[in-house]
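Going by our numbering, the first residue of the sequence shown is number 1, and it counts up by one from there.
Treat the hints loosely; a few may be bogus.
[To be verified] Computed cross-link-like contacts, DSSO-like style, restricted to lysine-lysine with a CA-CA straight-line distance of at most 30 Å:
| no. | residue 1 | residue 2 |
| --- | --- | --- |
| 1 | Lys236 | Lys216 |
| 2 | Lys369 | Lys138 |
| 3 | Lys147 | Lys319 |
| 4 | Lys319 | Lys125 |
| 5 | Lys138 | Lys216 |
| 6 | Lys361 | Lys138 |
| 7 | Lys125 | Lys361 |
| 8 | Lys125 | Lys138 |
| 9 | Lys236 | Lys125 |
| 10 | Lys147 | Lys236 |
| 11 | Lys147 | Lys125 |
What the hints contain is simulated information worked out from the structure, not anything from laboratory work.
This one's a predicted model, so the numbers in the text were calculated from it and none came from an experiment.
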Amino acid sequence: MTRSQRWTESLLDDVTIRGSGHTPSQSRPDFWDGDIPWVSLADSDQLDSGYIRTTRRNISGRGLAGSSAVLHPARTVILSRDAGVGKSAVLATPMAVSQHFIAWQCDARGVIDPWFLYYVLQRQKPYFGRMAVGSTIKTIGLPLFRKLRISYPSLSEQRKIAEILRTWDEAIDATSRLSALARSRRDRLRQHLYANVPAERVTIASILTESRLPGKPETSPQKITIRLYGRGAVAKAISQTSAATRYFERRAGQLVYSKLDFLNGAFAIVPDELNGFETTLDLPAFDIDDQVNPAWLINYLTRPSYYENQLHLARGQRKARRVNPREFLAEVIALPSSAHQAHTADVLASADQEIALLDRKIELLRAQKRGLAERLLSGELRVEAGEPDD
1 MTRSQRWTES LLDDVTIRGS GHTPSQSRPD FWDGDIPWVS LADSDQLDSG
51 YIRTTRRNIS GRGLAGSSAV LHPARTVILS RDAGVGKSAV LATPMAVSQH
101 FIAWQCDARG VIDPWFLYYV LQRQKPYFGR MAVGSTIKTI GLPLFRKLRI
151 SYPSLSEQRK IAEILRTWDE AIDATSRLSA LARSRRDRLR QHLYANVPAE
201 RVTIASILTE SRLPGKPETS PQKITIRLYG RGAVAKAISQ TSAATRYFER
251 RAGQLVYSKL DFLNGAFAIV PDELNGFETT LDLPAFDIDD QVNPAWLINY
301 LTRPSYYENQ LHLARGQRKA RRVNPREFLA EVIALPSSAH QAHTADVLAS
351 ADQEIALLDR KIELLRAQKR GLAERLLSGE LRVEAGEPDD
């Protein structure tokens with residue numbers, strides 16, 4: 001960990017009480033579903049967010065007594081040493097943990113503030129990732145934690161540093177909630193705009209024409225990949241290609257989808273920056289008729305209520321179901337007037353802009369926090385503590 005001549009440096013074991021956990025026997029039903037929260041790898045999605053307040057599974061008092069599990073007090077700091085290596089959290093209430101976690105009790109020694117330690121561990125995530133070993137599941141051995149060192153200022157300054165960083169986290173969380181609400185509003189708005197609208201029933205073949213413009217055989221193709229759930233098209237990392245593989249050029253403004261992930265909303269309009277990029281026929285592309293607004297069409301196709309209900313179009317086994325252009329083009333859709341298409345596209349574009357602005361704000365806040373955390377946790381930037389140490 002970071003050394004600072006202006007701070008004290010100690011083994012983490014000398015200034016905290018380190019522990020771990022255990023998994024009670026799965027063959028004992030009476031060990032489970034009690035009132036003791038038990039943090040396991042299944043809770044990884046709740047880590048790196050400050051407090052962990054709930055767990056997917058609970059154990060009973062018998063499970064605690066009949067195993068090597070330990071009930072750690074609130075404000076214990078935990079870190080995953082297996083899958084999701086380096087993720088950390090602070091226990092909001094007394095909890096037990098599985099053997100996949102290391103736990104540090106700070107309050108008993110009164111030297112390290114739990115939130116200061118949490119942010120130190122967050123800063124060290126890349127280090128923990130590098131230290132993990134294993135071919136299938138990477139893990140960190142216990143010897144590393146025995147030798148782990150920490151540099152720290154006075155307890156009052158630690159608390160001030162943690163308070164500053166938590167303020168940034170609260171701003172990030174608040175903006176993230178606004179972004180989630182904006183997305184929810186957009187989804188509801190989209191469903192409303194596409195429901196019960198006067199429209200003409202037309203086949204998709206009448207508004208789309210498959211494009212098979214051959215790629216440039218003399219060059220290594222710049223490839224396109226389609227993200228799931230309507231998240232657009234992006235350039236694909238260049239990889240080795242077989243000379244026998246046929247590629248086709250895609251033009252800006254074309255509709256493209258993934259045969260394999262049609263049922264997961266893998267549709268996109270080719271953006272200007274990917275004009276001339278190529279795909280195989282696994283990602284077919286289509287020219288869009290002038291009577292169709294491309295923004296209206298992509299919003300129509302990327303609604304979960306559309307693509308999740310097209311299983312009848314798919315061919316193949318469950319894990320390799322594909323939707324071919326023939327079946328897709330034979331489908332019938334409700335095509336509203338050009339005016340309604342344009343109105344729908346404009347309204348949803350405004351909603352997308354709101355979401356983009358909020359997401360950009362989140363990115364900026366995270367970048368600011370990273371820079372501030374680096375300076376505060378290294379001792380480069382000192383803060384005045386407003387209270388004496390206990």
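Outcome of the hint check:
Restraint check: the Cα-Cα separation between lysine 236 and lysine 216 comes to about 17 Å, which is no more than 30 Å; the hinted pair holds. Restraint check for lysine 369 and lysine 138: satisfied, since their Cα atoms lie roughly 28 Å apart, inside the 30 Å limit. Of the supplied pair hints, the one linking lysine 147 and lysine 319 is violated, its CA atoms being roughly 46 Å apart against a limit of 30 Å. Taking the CA atoms of lysine 319 and lysine 125, the gap is near 35 Å; set against the 30 Å cutoff, the hint is violated.
Of the pairs offered as hints, the one joining lysine 138 and lysine 216 is violated, with about 42 Å between alpha carbons and a cut-off of 30 Å exceeded. At most 30 Å may separate the alpha-carbon atoms for a hinted pair to count; lysine 361 and lysine 138 exceed this at roughly 34 Å. Our distance criterion of 30 Å between C-alpha atoms is met by lysine 125 and lysine 361, whose separation comes to about 24 Å. Only pairs whose Cα atoms come within 30 Å are accepted, and lysine 125 paired with lysine 138 is accepted, the gap being roughly 14 Å.
A hinted pair counts as satisfied when its Cα atoms are at most 30 Å apart, and lysine 236 with lysine 125 qualifies at roughly 28 Å. Restraint check for lysine 147 and lysine 236: the C-alpha separation of about 42 Å exceeds 30 Å, so the hint is violated. Taken as a hint, the lysine 147 and lysine 125 pair is honoured in the structure, with Cα atoms around 16 Å apart against an allowance of 30 Å.
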